[in-house]
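K.L.:
The lines below spell out each chain.
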Amino acid sequence: MTPATHTDKVYEAELAQLRDRLLAMGGSVEAAMAGSVRALTERDTALAEKVIAGDRDVNRAEVEIDEMCRRLLALRQPAASDLRFITTALKVVTDLERMGDLAVNVAERALDLSQSPPSKPFHDLNELADLSGAQLDKALDAFVEKDARKAEEVIAGDDMLDALYHRLFNDLLAYMMEDSRVIRRATSILFAAKQLERFGDHATNVAEMVVYMVRGTDVRHPGSRAGEGESKP
Amino acid sequence: MNVHQEIAAVKSPPPLSPEVASESRRPRPAPGQEAPAIQPKLTVEHLNAWYGQNHALHDVNLVVPPRSVTAAIGPSGCGKSTFLRCLNRMHELIPGARAEGTLRIDGKDLLGRDVDPVTLRRRVGMVFQRPNPFPTMSIRDNVAAGLKLNRVPGDHAEIVERTLRQAALWDEVKDRLGASALSLSGGQQQRLCIARALAVQPEVLLMDEPASALDPIATAKIEDLIHELKERYTIVIVTHNMQQAGRVSDQTAFFYMGDLVEVGPTEKIFTNPSEKRTEDYVTGKFG
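First to last, the protein sequences are chains A and B. Position in the first sequence (first residue = 1) + 25 = our numbering. Once you know that position 91 of the second sequence is 90 in our numbering, the rest is easy, because the numbers rise by one and skip nothing.
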């Protein structure tokens with residue numbers, strides 16, 4: 026009975042452009058973190074430098090997407106699912122930009138570690154990187170496909186990421202206790218692992234916003250809305 | 000509707016509506032509308048309206064809480080204006096038009112044979128799309144027109160001042176109450192028409208696109224006035240301007256092709272409506 030697209034084709038195109046721009050930014054951030062972890066494990070300083078330089082583009086994308094959202098809000102007065110999409114974009118872009126910064130932090134650790142002798146390989150670090158990258162990938166898929174169920178899988182998946190981080194933390198602690206000479210290196214690796222764990226948290230934020238965008242219900246911080254009683258921190 | 004029709008509407012009772020719907024049919028709340036906790040001001044049950052063979056409104060059920068603003072939105076021909084006109088039996092002035100169903104104010108039926116439409120229209124006032132002051136009358140006489148027609152005793156000057164103040168027009172016209180109503184700007188004329196409707200102390204105020212012929216500043220004044228008026232009156236407004244519905248109303252009713260598709264808190268209708276047709280309409284995906 027009703028067409029799935031907006032009567033105003035220019036508006037339809039503007040919304041599509043916003044979605045595409047956000048997806049491209051998400052892809053860049055995902056690639057940046059993957060590059061940083063590879064630079065760290067393979068001691069590839071050129072790759073680390075490339076990731077650090079590439080953050081400029083991520084920052085530029087944030088400013089541009091913000092501007093697109095403001096323009097749409099001011100000129101189109103979006104409602105219902107369009108309004109939820111645009112307010113989601115405004116929030117997601119902040120998470121993506123921060124994720125780009127986390128990738129830069131890991132790249133800087135990679136440069137630092139390349140100055141020291143190689144440490145023993147920590148497989149959990151690669152697994153942590155794969156998992157956190159997959160979390161973002163899935164959150165972005167959920168965003169494009171407007172799939173709240175997929176977004177909920179991302180939210181549930183964060184526990185696994187946290188467990189992996191804590192295991193790696195304990196391994197690194199044991200490594201340092203065995204041999205105090207590795208403390209500096211192990212601390213850098215621990216720092217990188219923490220960035221990956223945080224990366225996963227931001228992917229969860231994106232997924233939570235996708236659930237809101239699709240269903241119109243806010244799943245963040247249960248109990249914190251008016252009339253819901255006390256919130257847990 | 001022109002001035003003469005409007006005067007006729009106030010003066011002469013039009014033909015009475017047919018029998019109301021059978022009492023045995025239980026009303027159901029419209030989609031999205033919960034049972035109200037407080038006694039509703041207006042209760043509409045199984046309202047159907049026809050223009051000749053054209054079935055213009057299909058079994059509309061809606062409750063309007065007291066001292067609130069309800070906005071009716073929808074594309075042209077969706078039935079929202081017909082709905083509004085039924086609320087004070089203005090539709091009966093159109094040849095071939097008829098309505099069935101129950102309309103209650105404070106629980107009392109108003110579409111029954113025994114109800115005088117003139118009495119109904121004193122309780123349910125109407126403001127129209129284009130400002131329509133009586134052109135040959137002064138500002139003062141325009142406000143007092145309804146009082147004279149209804150032979151309201153007492154000090155009309157006092158009522159004129161009070162209602163002009165309520166309509167946020169007093170300060171602009173107090174020094175020229177004897178001037179022609181046509182000497183006012185479009186926005187002022189519309190507020191004069193609101194004052195005229197308020198003079199007979201209605202309980203419900205119906206507004207049919209009251210700001211569509213006005214510039215943005217005059218529109219803002221009308222919208223600000225609506226916020227003040229809802230302290231005392233129950234308001235139902237028809238508007239093509241969805242942002243206006245968002246700005247002024249507490250609940251919004253979406254009509255489409257004669258159906259009341261969805262009614263709910265305005266914030267919900269514009270952020271997360273339940274019905275796909277509502278979603279498509281408020282996001283601009285129609286036609």
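Worth flagging that the hints you see were computed from the coordinates, not collected in a lab. Treat the hints loosely; a few may be bogus.
Claimed, not checked - Computed Cβ-Cβ distance ranges for the label pairs, DEER-style: (1) A:E37 <-> B:H239: 15 to 23 Å; (2) B:E222 <-> A:G241: 25 to 33 Å; (3) B:G76 <-> A:D162: 22 to 30 Å.
Said to hold, decoys possible - Residues from chain A that keep clear of chain B, each with C-beta distances beyond 10 Å, as calculated: (4) S106; (5) L108; (6) K116; (7) L198.
As the list claims (entries may be wrong) - To give an idea of the interface, some chain A residues facing chain B are shown, with a C-beta separation under 8 Å as derived from the structure: (8) P143; (9) S144; (10) G241.
Cβ coordinates follow ideal geometry from the N, Cα and C atoms, glycine included.
K.L.:
Against this structure, judge whether each hint is valid.
P.N.:
Results for each hint:
1. A:E37 <-> B:H239: 15 to 23 Å: This hint holds: roughly 22 Å between Cβ atoms.
2. B:E222 <-> A:G241: 25 to 33 Å: holds (26 Å)
3. B:G76 <-> A:D162: 22 to 30 Å: Violated: the Cβ-Cβ distance is about 47 Å, outside 22 to 30 Å.
4. S106: Its Cβ does come within 10 Å of chain B, the nearest being 6 Å, so this is violated.
5. L108: Incorrect as stated: the minimum Cβ-Cβ distance to chain B is 6 Å, not above 10 Å.
6. K116: Holds: least Cβ distance 15 Å, greater than 10 Å.
7. L198: holds (47 Å)
8. P143: Hint on P143 (chain A): violated, closest Cβ of chain B at ~54 Å, above 8 Å.
9. S144: The hint is violated - S144 (chain A) has no Cβ within 8 Å of chain B, the shortest such distance being about 51 Å.
10. G241: For G241 (chain A), the interface hint holds, since the closest Cβ of chain B sits about 3 Å away, which is under 8 Å.
Of the numbered hints listed earlier, those contradicted by the structure are 3, 4, 5, 8, 9.
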